[in-house]
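Just so you know, the sequences run in chain order A and B. Going by this note's numbering, the first sequence runs without a break in its numbering and finishes at 93. Going by this note's numbering, the second sequence runs without a break in its numbering and finishes at 706.
Take these hints with a grain of salt, some might be off.
[Claimed, not checked] Anything over 12 Å on all C-beta distances counts as not near chain B; from chain A, calculated:
{"hint": "1", "residue": "Leu(-5)"}
{"hint": "2", "residue": "Ser(-4)"}
{"hint": "3", "residue": "Thr10"}
{"hint": "4", "residue": "Gln20"}
{"hint": "5", "residue": "Thr52"}
{"hint": "6", "residue": "Ser61"}
[What the hints assert, rightly or not] A short, non-exhaustive set of chain B residues, derived as facing chain A with CB atoms under 10 Å:
{"hint": "7", "residue": "Gly620"}
{"hint": "8", "residue": "Leu623"}
{"hint": "9", "residue": "Ser674"}
{"hint": "10", "residue": "Gln699"}
{"hint": "11", "residue": "Arg702"}
{"hint": "12", "residue": "Val706"}
Note that these hints are calculated values from the structure, not bench results. Ideal placement from N, C-alpha and C gives every residue a C-beta, glycine not left out.
Spelled out from the first residue to the last, the chains are:
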Amino acid sequence: GNSVTQMEGPVTLSEEAFLTINCTYTATGYPSLFWYVQYPGEGLQLLLKATKADDKGSNKGFEATYRKETTSFHLEKGSVQVSDSAVYFCALSAGFQKLVFGTGTRLLVSP
Amino acid sequence: SAVISQKPSRDICQRGTSLTIQCQVDSQVTMMFWYRQQPGQSLTLIATANQGSEATYESGFVIDKFPISRPNLTFSTLTVSNMSPEDSSIYLCSVEPRGMSPGTGPWMAGPNTEAFFGQGTRLTVV
Chain A
-17 GNSVTQMEGP
-7 VTLSEEAFLT
3 INCTYTATGY
13 PSLFWYVQYP
23 GEGLQLLLKA
33 TKADDKGSNK
43 GFEATYRKET
53 TSFHLEKGSV
63 QVSDSAVYFC
73 ALSAGFQKLV
83 FGTGTRLLVS
93 P
Chain B
581 SAVISQKPSR
591 DICQRGTSLT
601 IQCQVDSQVT
611 MMFWYRQQPG
621 QSLTLIATAN
631 QGSEATYESG
641 FVIDKFPISR
651 PNLTFSTLTV
661 SNMSPEDSSI
671 YLCSVEPRGM
681 SPGTGPWMAG
691 PNTEAFFGQG
701 TRLTVV
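Okay, chain A solo, but in the shape it has when bound (with noise of 0.2 Å):
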């Protein structure tokens, strides 16, 4: 079945320090993938989202690109911030079936 493979955080960095956050994933066919962040006491919001192969979804500064080749799908932010703590979930969606999540990653900014 599909699954989905997150690091283990928690993920502490300093201000303006470079992220990554693995994520790698197991399905048949063509899934589409997501970053989800759980702010602090809220829901889940739709970071960024890759539907096909060597597609780089982005936005607030992080990027993720879709690879086929290597089944990832790493998120990435070239300076965090404080206001970016939270918890980063990877997600994956194909076509009609569950949505497959991570188990989470936490990420601890300080200033």
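Dock chain B against the given chain A, drawing on the hints supplied.
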């Protein structure tokens, strides 16, 4: 996009009582979905709320514990019954492309677009 209003946003409840969580969507959707997020964990699908029929529950979840109503195409409720401290979680409702016919609703572009979530209900059972 779809806007989902979920309430209450949080509650503290006594064990043995029940809490009903409401979810209102700004567009008509065929299926709505309820998730549980236990502390420090990812999301687990509880059930799919179908308009006009009984909800479909995932393995490990039962209707007596989590009754669901779906009176119309824009609204659903989830009740957490006879609560215990183990039910302390965030509960989220969502609308997803698989809950719609292709080319309808917020996903005119097709099924491989994003899901939309309510703000979540943070439940603490004491």
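Results of checking the hints against the structure:
no. : hint    : in the structure
1   : Leu(-5) : holds (20 Å)
2   : Ser(-4) : holds (24 Å)
3   : Thr10   : holds (14 Å)
4   : Gln20   : violated (8 Å)
5   : Thr52   : holds (20 Å)
6   : Ser61   : holds (26 Å)
7   : Gly620  : holds (8 Å)
8   : Leu623  : holds (5 Å)
9   : Ser674  : holds (8 Å)
10  : Gln699  : holds (4 Å)
11  : Arg702  : holds (7 Å)
12  : Val706  : violated (19 Å)
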